[in-house]
Each structure stands twice: as C-alpha cells, then as structure tokens.
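K.L.:
Chains A and B supply the protein sequences, listed in that same order. Mind the numbering: the first sequence is residues 1 to 1173 in my numbering, read in order. Mind the numbering: the second sequence is residues 10001 to 10338 in my numbering, read in order.
Please note that the accuracy of each hint is not assured.
[Said to hold, decoys possible] If you only want the chain B side, here are some residues facing chain A, beta carbon under 8 Å, derived:
hint, residue
1, E10053
2, D10082
3, L10211
Calculated from the structure, these hints are not laboratory results. The C-beta atom is built at its ideal place from N, Cα and C for all residues, glycine as well.
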Amino acid sequence: MGELADQWTTEHVPNIWGSVPHVMEMQSEGGAAGALHGALQAGALGTTFTASQGLLLMIPNMFKIAGELTAAVIHVAARTVATHALSIFGDHSDVMAARSTGFAMLASNSVQEAHDFSLIAQAATLESRIPFLHFFDGFRTSHEVNKIVPLLDEDLRAIIDERFVRQHRERALSPDRPVLRGTAQNPDLFFQAREACNPFYRACPQIVQDVMNRFARQTGRSYQLIDYVGAPDAERVVILMGSGAGAAAECVKALQKSGERVGFLKVRLYKPFALDAFFAALPTTVGSIAVLDRTKEPGSVGEPLYQEIATAFLERYAGNHSRPLPRIIGGRYGLSSKEFTPAMVKAIFDELKKPQPQNHFTIGIHDDVTHTSLNYDPAFSTEDPRTVRALFYGLGSDGTVGANKNSIKIIGKGTKNYAQGYFVYDSKKAGAITVSHVRFGPEPIESTYLISKGSFVACHQFQFIDRLDVLAAAEPGATFLVNAPFGPDEMWSHLPRQVQQTIIDKQLKFYVIDAYSVAREAGMGNRINTIMQTCFFAISGVLPREEAIAAIKKAIEETYGKRGQAVVQKNFTAVDQALSRLYQVKVPEKVSATFEMLPPVPARAPAFVREVIGTIISGNGDALPVSAIPNDGTFPTATAQWEKRNLAQQIPVWDTELCIQCGKCVLVCPHAAIRAKVYDPSHLAKAPATFKSAKPRWREYESLRYTLQVAPEDCTGCRLCVEICPAKSKSEVKHKAINMEMQAPLRETESVNWDFFVGLPEFDRERISHTQVKDTQLLEPLFEFSGACAGCGETPYIKLLTQLFGDRLLIANATGCSSIYGGNLPTTPYTVNRQGRGPAWSNSLFEDNAEFGLGMRLAVDQQNQYAQQLLTALSGSLGGALVTALLEADQSKESGIEAQRQRVAELKRKLATVDLPAARELLTVADMLVRKSVWLVGGDGWAYDIGAGGLDHVLGSGRNVNVLVLDTEVYSNTGGQMSKATPRGAVAKFATGGKEMAKKDLAMEAISYGYVYVARVALGGGDTHTIKAFQEAEAHDGPSLIIAYSHCIAHGYDMGFGLNQQKNAVLSGYWPLMRYNPGLRLEGKNPFQLDSKAPSIALKKYAYEEARYTMLTRSHPDAARKLLHDAEDDVERQWRVYSNRAAMPGRAETPNIAPHEPEEATVETVKKGGDEQ
Amino acid sequence: MSDISTRYLGLGLKCPLVASASPLGESVSSIRELEDAGIGAVVLPSLFEEQLELESNALDDDLWRGAESSPESQSLLPDLEDYNLGPDGYLDLIEGAKAAVDIPVIASLNGVSPGGWAEYAGLMEEAGADAIELNIYSLATEPNTSAAEVEKGYVDLVRQIKRCVRVPVAVKLSPFFSAPANIAARLDDAGADGLVLFNRFYQPDFDVESLEVVPRLTLSHPDELLLRLHWAAILSDHVEADLAITGGVHSAIDVVKCILAGASVTLMASALLQKGAQHAFSVLGDLRRWLEEHEYDSVRQMCGSMSRRSVPDPTAFERGNYMRVLSSYVLRSGNHGH
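Whole structure, please, built from the sequences with the hints as guidance.
P.N.:
Okay, structure coming up:
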C-alpha cells in the first residue's frame, strides 16, 4: 500500500484537493506512528499502512492519537503476530492486540470492500473524531486480485465533508493560536478526562452508518454496520469478521437451498460495537450461535469477538426473561491464513444442531491433543459450475504468477466476466514454487478459499510431476496442461504411475507443450509466462482463440511497451510460436508407467524428518495433527540435508589436474554445495568408481588425498564458484579448475560421490591455520542448503561463521532474509558436526535483535560465572588440579577450547559420582565453562534502521557480543525498499528517483565508542581480510561489529557476477576494507587500519553494472548524472576521512577520547566542560 | 582572407572541420560549444540498433529477476514510469541539437536488421537530421560468409536507405576491404552522397595477467591519417560522392593534407576530446593562416590538388612504400659518395 502511495507521489498524482501527498518512509512502524501523530497534530490529513508486528509497534501512539480525539485512519492488512514462530500470513491477532487503543475498528471482507471502506473510514473519522483502524485479511484480501469498481474522485468529493476537514485543521497546533496538548495529569484529573471522550464513542456508530448510507446513494453499494445474510427465520447463525465472509455466504446460500434455516452475520464495525445494530440485524428466531475469531488468546474465556457477542447478549438479556438466551459458542479458524472453506462453515452449522455443541472449537485443523477441532467433509463444495477454476503450478522465476495476473486483467477488463486470482508461494527464495488459483465466471466471485476442484490444471514445471500431487484438485473431465520437453507421443511414458492413473480415472483432457524450447527460440530465456498463458487461453475456452490472442498481445504491449520494442517483439514471437507447438496427448486406456512418485525425503531420514518435515515438503502440511508439531516452536536443526531440491540445470565439475586447491570456490558457495576435504588415502578403498581425488597442495599433507566435491542435488547452479576460480587451463583459458556441466547426466553418480564424501572424516581442526582461505575451507560448514537465492551474497558469510565457530555458536537473528532462509520451515539449514554440536539459532523480532543477542550473552556469562562459583565450592570433591585447570583454561585458540571440552567431559564424569546439590547444579551449567561465541546476525534494515537504537545500546554496553550486518543496502526480504544503508543514487522502493542522501557510515558510528571492534569486509574484495576480521572480532573481549558487503538479487544483475561486483566496490573506493581493533591501542598502535588501496577505478565502472543505478540513467538521466557526481564526492570524502584516520600515528587517531595524561587534569577539564553546559 | 567554407553532402559548411561521432556529441550543450568553437557540422554518436535491443532486454531481465517469487516481495526493483528506451533519447538529441545550433547535424546509425536500418533512418530524418551517416561495420566472423556477400549487403543497404529518406546519406567505411576502390565505386553508384574514410573500432585486447579479453579503444594518433590520405587521394578521382576523412586529424596541417588529397571535410574527435572544443578554434585559425601564407583563395581551390591523378608521380599511391623508401635510401647513399 505504501509503495503504491509512493509511486503515485512520484508520478505526481494529486489528491482531491489538487495537491500531491508527501510519502515518508520511516525507520520502523513505531517511527511511522510517531510521525503520523505529529502530522495530524500539525493539521495534516495523514495515514499509514501496516500489519502484524508493525501494528504492535504503533500501539503506544495509537493510544495517544485516540486519546486526543484525532481524525485519522490506519489501514491494516491483518496478519499474524509472531508467537512460537513468525508467520507472515493472515489472521486477526495483530488488530485484536490493538483493540484497547481507542481506535474504531472497521473490517472489510473483500477487495471491493477494502477499497470502499477506506473512504468510509476516512469520512467517518473526520466527522466522529474517533481514529479508525480499517482492516482486511492479510493475503486473502490484500493479495487477492479481483474485479472491482474503482471509486472516482467525484465519489471521494461527495463522501468527504469539507466542514470536518476544516475543523480538523482548526484543531491543529499553531503558534498563531497556541494551545498545549499532551499534558501530564495526576490522580485528581486523569480519570474524569478519560471519561470525557464517551459522547464521541457513543455517536460514532451512527456516524459510520450515515456515511455508509451516503456512500450507497453515491455508488450503489450498500453496507450496514452489521450485515446479515441468510434465512430471515434462521435458527442457527454464524458470526464473523473478514474474508471468511465469502466462504460463509456461499455455505449459507447452499444450505438455505436445501431448506436449512441458517444465516450469518458479518460484523463490519467491531469497535465501537453497535449493540442496537447487532440485535436489529440478528433474526429473533435464532437458537444457537457460533462466533468465529481468526485469532487465539490463550488463557482467556474466549476470543475477542466471542466475548463481545456474549457480553452483548448478557447485557441485552439481563433481567429480560421474555426470550430464552440463545446458545452461544466460540471457535477459532484461519490462523496464519489457514484455509477457511464453505465445508468448514457447514461443519459449524452442523455442530450448532447438536444439543451440546462443542464450545471453543477449532475448525480447519486436526487437534488430537486437546480435541478442540470439529470434523468437516472436504467434499462439500459450493463452487459455481459456470466458473472456470484453474490451477497453475509454477516457479517464481518462470513468470507463472505474472502471467495469471495478466490473464485476470484481460478477462476482467476486456469482458463482462468476473475474475479472481490468489497466489500461494512456498518459503524458498531460490526455486520458489508458486500455485495460482484463478477463477473466471459470469457472476462476481467471492470464493475466499483455494480451488479444490479445478476444471483446468497446468503444471508449468515438469520436475514437479513426480514430486507434487498436482492433479489432486483436478475435477473429472478437467483439462491438464503440462510443460515438458517431450512430444505428444513420448509424453505419456514420462509420467509416474499415480499421475497416469489419475489422468485415466478422471478422464482428463491432456495437453503438452515444450515451453522452454519455445522460450529459448523466442529469446525469452527461462521465461515461459506468455507461452503458457497463450496455451491456457487456447485450450480453456475462456475466450474465443483469436480474441484471446489479440488481448494477450495488447496486454504485452501495455506491460512491456515501456521496456522497449525488442521486449514486446520477443513476447509476440513467443505467443505465435506457442500455438503451433501445443499438442493434445492421446491418453491410453491403461497405465503403463514403470516408476512411482518420489518420496519427499529418503527413507533413511530420521523419523521426525520423514513424518513431519517430509509431509510439509510434499505439500500436505495442513494434514498434520496438533500432536505431530512441537508445542513451543523448537525444531531440530540439520534437516535441510534431507530436502533434495535439484534446482540446478548445470553444476560445477572439478578438474583435478588444474585445481590449485585455493578453497575460494568452497568459501563463496552460498549453499555449502561444494566442499573440500583432506583425508587418509586408505578411505579411498571403498570409494565409488567416479569419485575423484588429488594430491593435497599442502607440503605437510602430501601423503594424504584431497577431494573437492559438489552436492549435485543441493547446488543451485549460481556459478559463483566458477567465476571466482582463479585456475585457468594453459592451453584453453575458458577451461577452469571447475566448470559448469549439465546436471541431469551427472546427478546419479555425483549423488553417490557426495554421500561417500560426506562419510569421509573431517580434517583435524587443530592442524590447520584458521586465518588462511585455503585452510579454513577444510573446516566443516554447519550451515548448508538453505533456501537463499541462487548466488546469495549473505550466506557465504554465515557459512564462514559456522566453519570458524559453529560448534560453540549462539546466533540471535533479526527478522529478514537471513531469518527466512535460516529458519523458515520445512527444513533447517543450520546443522551439527559429528559430536552433535552446532549453532543454536533463534529469531525474536526484527527490531530487537541486538537486545535479544545481548540477553543471550548475559545468560551465557551468568551461567559461566555460576559454574565457576560451583566449581570453586566443589573443589574438594572434584580435585584441585581439575578445578584449577578448568578455571584458568586458556581458550583463546582452537586447541585450548578442545582441551577445555575434554576437561568438562571429565568434570561431568566426576560430578555424576558426587551426591551433592551443588554437583547436580553444576552438571546443568558445566558446558558453559567452554567458551561460547554469541553473534547477532541481521540485515541493514535491522542494523541501520529499525534496530539501530538497540544496536547502538548493545555496542555501548561493552559486552562481548559480535554483530554481523549482512549489508545488502536495501530491504531485500520485503521487496527492495530503501534503508539508510542504500547508497546515494541507487533506485529502490521509496527512492524511485534515486536515493538522494548518502549511505550512513555505521562503521564510524561504532568506532566513535573507541572500544568496539569494527570491520568493513567484502569477500570478493578481500577474502583473507574477511576471515581475519571474523577472527579478530571473535577474539575481541568486547562488542564487535562486522559490516559485510552482500551482493543481492535486488541490486539488479546476474548474481553469478556478485563477487566481481564486490571487488569493484572495493576497487572504486565505494567499499573500503577497514578494521578498527581497539586492542591495538594498548600496544600504542593506531587501531584504525585501512586495508584496501586508494580507488583505482571510477565509481561509475562499479555502479553502472547494476540496474539499481542504471535504471535511473534511463528514466531520469539528469538526476542520475547529478547523483553519480554526488556519490563520487561521497566516495572521495569517505576515502579522505578513512585514510587520514589510518595515517594518524599511534593513539592520536581517537580524538574523541580524552588523552590519558595527565589524568587529574583530564578529570578537571571534563568537569569544567560539564559545568559550563 | 581565404574562404574556408566548403560543401559536404550537398550542405553548405562554414569550414571543413566537422566534429566526428564522439561523447562530445552526446549532449546539446556540448554540441553548442562545438558550434561556438567554429566547427562546421557535427556528427552525432551512432545509434546502435543492437544496443537498443540489448538494453531493452537487460532492463526486462533486471526487473524480472526475483519478481513474483515471494508473497512478501512481488518485485525487487520499482518499475519506473518510463525508461527512455529505444530510439527516443537519440531522436530527442537530434531535435534538441537542431533547435540549439545552426550548423548541420548529421545523425549516425548502426543497424542490425533491414527493418531496423530503414525504420531508424526514417525516424532520424523526421527528427530533423540534416544528413545520415551509415556506420555499416559488421564483423563477418563466419568463414562461410564471403566478401562478396558482405559487400552486396552494404550496397543494397545504401540503395534501400536512399529510397527511404530524402536527406543526404554518407557511408562510413572500414579500411578492411580487399578492393576498397571497387566497393567505394559501387556505394557511389548506389547513391551514397558521401564516403567517410575510415571507421575506428573497439578492439579486443588481452590482459595477460588475468588471461581475459578486454575491449579497448584508444584515441587516434596523427600517424593514422596516412592510410586515410592514401585512399582519399585514390578515391577522389573516381567517385562522385564527397569524401570525408576521420581518424588521425589533429591539427590544421592534417586538415590541409586531407583537403589536398581530395576530402571535402575532415572529421575530428580525439583531439577535441583531449584538448576540448576550443581546439577547433585554434585549428581553424591555423588553417586560415596557412591558406593565406600559401596564397590559397579557398579550401575548395585546393581540394583534391594532390589526388593520385593530380600528382606528378601517381605510382606513389600505387606501390607499397617499400620501393620508394629504398630508392630514397639509394639516393641519399649516392650523395655520400658510396
């Protein structure tokens, strides 16, 4: 919503008063609410958009805004608040957390309503002075594409009463008629003042209804505060808010047709609750009611809407015995966008028939623990047979979703038909699977649930065929289209048994197209969007073929026209070619398949992985019962290894002769899919035939063997390893020590080789240098096969972290890309070594990660201290020598840590024999005697923006925490919004004209403390430097901050060249490599070390390789020139500051720290300074 | 005072010094500076059809990458209002330049497809270009592509463009023909109003440390002029088309040599890039002084006065340099009494 508003501002789209609203991106939602509060107080009309945790951050200001009776609307796509886990999806837990703020709460149930109620809420707030929280369901409504009637400016003018706008402005703060607002009040006054707002809340519902009535007269769309659908004499009624209304309405209509007396109430104005309107809307015949809440409030009698309704009845019926109180039950549904279907609504109506219906039920899950769930019959369907229901299985990268959105526009705009689209994505960043649920029909489509009976199913990726049950939702007689590299005659033999059986049983009409070859020939690369879209129109019969093709081409022109004629032309070619290459497959009468669908994980995986994680991978997570799932959000690590995703078309292949064993490929691999080991040659006796090895290029290990091995099914094919490989053939320079080759022919043999490789022993960590790339890349990574983008620039740093310190590592991870690829189910990429040790990882929130990590540090230190205390107390029973050794252990090196581990093991053995309370206590904390490494990991959105205050405080605490900022210079996870790390001149969302301000120098901020270790690193600019910085940061007994340049897909170029760009960033001086090591001050040295050379290439040479910069040269060349010039100036200024700092002799470099001598004089001076102020 | 005005492609030029395609022609303000410095006409940098396509496709790829992959991030870069892609920017430059200066503005085009050449040439004319220079160089890297095919393609192209546009058309030639005089004559026959001798190119260079091929374009050196003088002197006797020399023109003396050889105009880029637009002013001053000192009335008077046909010993242009250098050596040796 904010992005759209920003876009309109950029395009100078005026509001109804003819002015262009100002859009300001803030560092956090808390900041946004504060700025909104200020803007409202100063007389502007303002709004903000948020969801989930963001809304929670706004709550303090919302109390203020409401308490001051300030007209404003906050629009909320209601989304899940993180509890045992983060979920980005939709429910009402966020808005319900804000229900005590004093904001009115208005719920929209559909895309049209979300549009209409924005205006209704705005008009109502201006008149009532009660601020409004206007909400609609996150994703189900906010991300649904549907045909709506847009409001015109004249509608807005008719509904917004200018009198109230003027009154709002007149209440504003102004030095010309000054008032004071925001006093501090005492017990004598506060209570009365709080009650003074009552008349406004009492008047509010009628004001909203009046606005709704005006709106109906203006637009023809009529709404009530509480709307009722169903039998006027209903006996059973369901009450709910939000998008579930669509499913409920369909169910009620269907049940009514079969003679059932049922109905449902949609609550639109939830606060202030309109009692009279509620009872006016509810049929007096009702005997039992189910109130549904899309949220959970553990420990309460019932959820909020249930409680509101129950209280309403209690108040209305108290002392009134003329009517029996209906039976009222409450239930929960739809948490985190869980499906809510007419079948579930029917189950609730059925439950209401029972003499003792279950109260506090759940619907849509199987609760086999506390048995709250109602059973329902998924076969019950209310789908309109006239509606075309199409399902498309695709990849994020193949354009399926975009094509479907386009098709909806074509149908919705170009015909009288209605259209609806809803898109389901998996949680991976590389190779994300998308499922598009698209309906077309003659009537408005309010089916707010996924398609379970599709009349058209398309599988855009052939590799899904033996992994996903794509035909599960195909109805009998449906059309099935598959993109496969086979002709119509050979297609059948490439289908697994189950798919063949389904096609025969359901009598599907089966079509095939080799869309990838059409795409390649048309110059479309991997994009099959327009090709598959053309096929859909050609065989679905939604539109006459010729008309459809013309419409597709028109849409192409509209969508891609501004990207240039070449782009339009290749799409046209693709459309034309698609039709000639689409074939119907003759379906045999019998199944002839020789193979089955693949299991989601191998049979040898642990039980939990097979039973729970495997079920999620196969797309059946909805079927898992409550008992199968950990109750506190705790999941095992080391599960990503079981999910073989086979994303790479090509994988690197090792040339043993050319390889110099430098380890660079291993270092840069974002997915830990290429690894090296040195091992005893005796292990090769059992090696598979194609397993490769070479003589190690370490003088001391020449008697051993070296292998570089690729995990063929885990590699994403990003090519970073090949690009970084420095070893070129002397006779053919394009041939390197690793080269990309097709995966398919290698898959089987290399998988066997990989398994053998994994089984080889790890090299002794103590025998190698931990500062050289070559050596460190023999260390086992404890972060592997994450869902990060192919070619991700962040994950190599995390992997390195786990290689160096993984077996004693605690990670506090800020929400963002790194928490998604680090902890989004189904699988977990953090893993364990043979001893079972590995990173312990947790994500708290986006904003609090520094504090969260500091808390971990405090806990570790406290327990370490306690262990030491107990050790001392038990020294008599344990033996003085062991206790002294444990207490005085030097753990500065790997060998010291290992020795301490041995001592702790011995300690534990001894403790088991000591029957003392202190001994039992010590057993629980003994592991804390081994040095732990606490790392706070997150992106620039966290460190530069939302978490900056916390990070600053934590750095200021002086505690031994290490901060790793994965600086992609933009909010990558949420789609490329500007952060304060975004460089000047780069285009980002909220900086569509190029960011006008320079990037914040976080390093210099931290350096100002004097005792914080700080490094700016870039793997591509200095890999040894990066490793050194990690080691020094960890060794520094105090706070450390590493800012790591992370190339990112949001920068707009092929990630295969990510490390080249890192190098160019350093060479241009844009990203100087530096370290600030406070420890050097003690040695009388300058702690500020500038580790890269003076700029040797122009900034332009680096920046203009990336679309984030070059886009602007095309759209606004003059602005681009100016910003480039300013950015060059930034580089120069930064270089001068850094090089001057680095050139200072000894201790002189820290001017902000008072000189040490003479100490007394210093104290005096400081005091004096203080007094003067 | 000698008259230094000339005619090129049927256009009246106040002097024979023309700014060749270079970054100096990329903006209206620098084109105005060139005019202020006395330049007779300006050739805009080439519009490369292939580049337009590449840019379009690259932008499309960049906007596409990572889009629609996650419910929280449906795109990674904002799709801006307009990208100024295609020929629009170039056409705006022509229009802007025409509005800003009085000297002729010559557009330059390097096409790929037959349709592209014709379309863009038409658009350039519409935008107000006084003439169009066809930058016809393409690399025939396929062994089964013959010289005859390549040359026929060029000739056909000139015919096609001449049919499409009314403004004069010049053809910028590469020096790499087996029979330069023949191709020049055929292009002349096809209707070319001018021939520009010769194109200079980005050439792949080798970085021997990284073992990478790196493109390199160095500024021209006056030595490069000799090849151009040689061919201008030969061709000027055979073709109707005006000749222009580009590559190695750095000083007034260079200009004089070109005109003596038969060029109507000389095109300058490297020297202007090195010394700034003001360099044109001093070159023209020197040219005027030279003409006066040598008592020429006008540049037109001396144009072609040292063409192959006009010099006493035309064989100087017909043989390789070897013979001549050797004979001068013999002569010098003789003087020393050996």
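K.L.:
Decide, hint by hint, whether the structure agrees.
P.N.:
Structure-based check of all given hints:
| no. | hint | result |
| --- | --- | --- |
| 1 | E10053 | holds, 4 Å |
| 2 | D10082 | holds, 6 Å |
| 3 | L10211 | holds, 4 Å |
Against the hints set out earlier in the document, no violation occurs for any number.
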